[in-house]
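Engineer: Here's the letter readout for the chains.
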Amino acid sequence: MKFKNANGRPILLKMVEAVHENKQYLGDIDGLIGDGDHGMNMNKGFVTYGERLGDDETTFTEGLEDLGMVLLNEIGGSMGPIYGTIFMEMADAAMDEEDITLEKFGEMLQAGLDGLYGIVDARPGDKTIVDTLVPALETIQAASAEGKDFVTALDEMKDAAEKGMLSTKDMVAKYGRASRLGERSLGVQDAGSTSCCIILKAMADGMKSVME
Amino acid sequence: MKFKNANGRPILLKMVEAVHENKQYLGDIDGLIGDGDHGMNMNKGFVTYGERLGDDETTFTEGLEDLGMVLLNEIGGSMGPIYGTIFMEMADAAMDEEDITLEKFGEMLQAGLDGLYGIVDARPGDKTIVDTLVPALETIQAASAEGKDFVTALDEMKDAAEKGMLSTKDMVAKYGRASRLGERSLGVQDAGSTSCCIILKAMADGMKSVME
Amino acid sequence: MQRILNDPDNIVNESTAGFLRAHPDIVTTTANPRAIQSVFNHDDRVGVVTGGGSGHKPAFVGFCGENLCDAIAIGEICSSPTAQAFLDAFKAADRGKGVACLYGNYSGDNMNVKMAVRMAKKEGLTVKTVVCNDDAASAPPEEKNKRRGIAGEVIMYKIGGAAAATGADLDEVIRLAQKAVDQTRSIGIGLTPCTLPAVGHPNFEIKPGTMEVGVGPHGEPGMEVCELETAAQMAERMVNVIMGDDLPLEAGDEISLLVNGMGATPLNELYLLFDEAAKCLEEKGLKIYKSYVGNFLTSMDMMGASITVTKLDDELKPLLDMPCYGMGLKQR
Amino acid sequence: MQRILNDPDNIVNESTAGFLRAHPDIVTTTANPRAIQSVFNHDDRVGVVTGGGSGHKPAFVGFCGENLCDAIAIGEICSSPTAQAFLDAFKAADRGKGVACLYGNYSGDNMNVKMAVRMAKKEGLTVKTVVCNDDAASAPPEEKNKRRGIAGEVIMYKIGGAAAATGADLDEVIRLAQKAVDQTRSIGIGLTPCTLPAVGHPNFEIKPGTMEVGVGPHGEPGMEVCELETAAQMAERMVNVIMGDDLPLEAGDEISLLVNGMGATPLNELYLLFDEAAKCLEEKGLKIYKSYVGNFLTSMDMMGASITVTKLDDELKPLLDMPCYGMGLKQR
Ligand SMILES: Nc1ncnc2c1ncn2[C@@H]1O[C@H](COP(=O)(O)OP(=O)(O)O)[C@@H](O)[C@H]1O
Ligand SMILES: Nc1ncnc2c1ncn2[C@@H]1O[C@H](COP(=O)(O)OP(=O)(O)O)[C@@H](O)[C@H]1O
Ligand SMILES: [Mg+2]
Ligand SMILES: [Mg+2]
Ligand SMILES: [Mg+2]
Ligand SMILES: [Mg+2]
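Residue numbers (the working numbering), protein chains in the order written: chain A, 1198 to 1409; chain B, 1198 to 1409; chain C, 189 to 520; chain D, 189 to 520.
Since the hints were made in silico from the structure, they are not lab data.
Just so you know, these numbers come straight off a predicted model, no measurement behind them.
Where a beta carbon is used, it is the ideal one built from N, C-alpha and C, also for glycine.
Errors might be hidden in some of the hints.
[Unchecked claim] Calculated pairs, BS3-like style, for lysine-lysine (alpha carbon to alpha carbon, straight line, at most 27 angstroms):
1) D/K302 <-> A/K1371
2) D/K332 <-> D/K316
3) A/K1371 <-> D/K395
4) C/K285 <-> C/K310
[Unchecked claim] Some chain D residues close to chain A (C-beta under 10 angstroms, calculated; not the full set):
5) H230
6) S267
7) A271
8) N300
9) K302
10) P328
11) A386
Kindly generate the complete structure, drawing on both the sequences and the hints.
Structural biologist: Right, dumping it as structure tokens:
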């Protein structure tokens, strides 16, 4: 199983939609232990990308590259470079591919995580995006190694991302605003890990919709 | 009846004591519709005068002149020039007198009020010092015209000052901080009229103690 | 009260000490601890003096400096300086050419200045005064003598100080400072009250969700209390009061626009208000020749801002343009 | 929330517009609305750039000016500028002699600057960076790379801008700005939280009656929360942290002392704190060569203050003394 890189548009649109629909929710979660702007920040970047895309077609990798550039150049803060880097590195890892296979997708996620690790100090357990991204990546890699089919792997990734996201509830924030609260950040889910889960799930659903 | 101008010390000391004892009270009253500093302002001036006087003797008029100068030169604000002017004008009106008679005291108070009117726009009914000073002055002048004795006149003045002070409860403040409150200043006694009453009563008691 | 204090009754002495220590290149002491003077000695100039209660920093000590005021009388928090402090400031500023005392219209200051001028006269010193009454919100034009002086005082000091720097004589300095006042209108909007350190709780009330149009720097009552508006609406409202006052302002007129923060309003918001006010004024055809934005005459921790419009002409423009150097106003 | 606003999400655009309109003698636009540049074109100098989130005015735009920074990247409220904004600021500042990017140590700024430097390199532009980490309260000396940049950034801009003005090359400007950072220690005390306009309620909590020692400009956690102290005690506590850090400060050393207000603390109180801190430092034999008191790097309506001590020498002193002209720092 695989999908055509050329069929990127529905995947990117799903991601834009998902962020847009969850703007309020992400803001509310960030409000509990952060400053409440995560939904606004993410929405601004994703919607801007969606508007720029307009009615155009795009490959999946071009789309990730463009989305990453928009985030990097328009939303600033930490989210711009963090998601910008993840998406741009994912794109780089498969830019010339005609088809995206499960194995390739695993490489893309790995590149995204490597890029992220290049710019942030956060690691698993620090209550950030990393806690969603790492289990998602590991699940894809394991499924790929075990020869599972792409759709099954994506469904498993969605579950893993969700578990990862939920696991941040039991963590103490070490980076970002929430780190101010120390132990008091326990019990609340991390906003960045939530947006990351929402984005990965939308990406998976988009990929499934063009799977061949 | 009269008293020797040379016997000023006990009179001035009574005034200093009275203000000092009522520091808190004056502050509290000012706090209701003003900024709560009237006790502090007045106490600072009067106590400074008391310290400067030390163990020295003073005539009543010299004492008033010196007290007025201290207020004018040390406490600033409105109280410095207002009480400074009242006391200095009172002193001027009897500076060369050996004895202070009831008539003379009436002239002194009139001079004090005239001086005050030269620097403030407030008139009776505006919820200020004027509302204590005017009835006190009128009572002394009436007693003098009617040939009453000095001590009786002073007792009547004390009552008149108190009535004047209490009458400010039913007035709406037009000057000073309390004017901000408009109608809401109704029901509360004016701080300046209160200090004026306390000072006039102490002055009267002091004068009675040296009356011949 | 979350503030940086030792003894609230000693705050004026302590902060004056800090001010003198921080700016020895601009200010120095006089014999009176409640009067300071600038270090710039220009022997051939009229002396310029101001003064007022403390708690309005940079006013008034921040306007002591080169081509600004030569000496400042310092009062207690929100309380006029003593007559003696004014007198000592006059003496420090006097270079034998007389002194222009430029101050704001508050009853305490009026009384103390009046007494100080009388005392100065006895000592052979000529002092003339200009009373700033730029606050268009504090009384109708017919009762201009009741109007408070607010941030327009900064323009008065700037013009008066510059006039003295040109070598003008006392009458000319007074004429020009008075002209600056006559050509200036201000209005403020208060958003929160302020807290006097010695009192410890807010001095008066401004209900959240409301704003007080025309509030004075000590919480003196304004024109009206209304619901909190957007910056654009506030600007329009303030510009309308100024344009509706008795100072003729017509399309093509050149003005200066000063936006003053009351102390605790973030600078971002002052720039935002400045932008809105400037747009309103330009829509009416006025030309903004010079702009000032910042905290000039504050009320401790009060939130809110005022705008000040001065109608300029060929006489005032070079005076406004003249370089100056005080802690509260530096211009080159 | 009692503030002067239109659309809270548009405050940065609006207040930047006001800033540009108010100070055409100092700053002007670039092609990117989130980067501004100074009007002073010195073709033979290294370009100096900074940038950061908004809500800290005068920082960062106020330090754009003559002998200060040449261009500034502007972020959203309390959020780093984009890499693109930094890149466009680099381009505006570059005169063919390279660009020194002097900024504060926050993770967002680090990431965006890093990306911008990479992008600049691709376009053939040389950019070197200095990261200010003066906040001694934000991590122990062994973990200096974790320390925040706070008001010491002002000293870094001053020295970096002055170094560029002497005609020094990029490496020399970087060396001197880095030296300024290395010789500088700061610590702040927070008394109240601040409110982000788009959020509408305080961002974090500081209980009345307590103070947070070492709080960051966005409410980052400090060293400890303790009971509110007198100004003298606060000053002593802050001086002790600075003197106890790894920068050797000995009797006879010359220093600059900067007291920075966090936004809503009355200026009176900053001078009072300055006086207390100066006394503490002088008791330890240090000589205060230069003083700065005011609001330089604020956190909107936060109350509190920080002190910044820089150890000077014959290389830094003339650079600190050099005249400069920006909205947030004017010196002659
Ligand atoms: N230094 C960091 N490293 C990794 N993730 C971070 C870091 N700082 C913040 N995050 C992530 O960003 C999320 C908050 O993003 P957002 O609210 O958009 O930005 P901000 O914290 O500037 O308001 C946090 O929930 C966390 O997952
Ligand atoms: N303009 C004025 N004319 C007459 N009396 C005044 C005026 N202003 C204030 N007062 C009097 O002063 C009193 C308040 O004095 P005080 O509290 O010492 O000064 P402040 O009002 O400056 O705090 C008022 O109660 C009133 O009687
Ligand atoms: Mg944020
Ligand atoms: Mg956030
Ligand atoms: Mg008072
Ligand atoms: Mg009072």
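Engineer: What are the numbers of the hints the structure violates, in ascending order?
Structural biologist: Violated: hints 5, 10.
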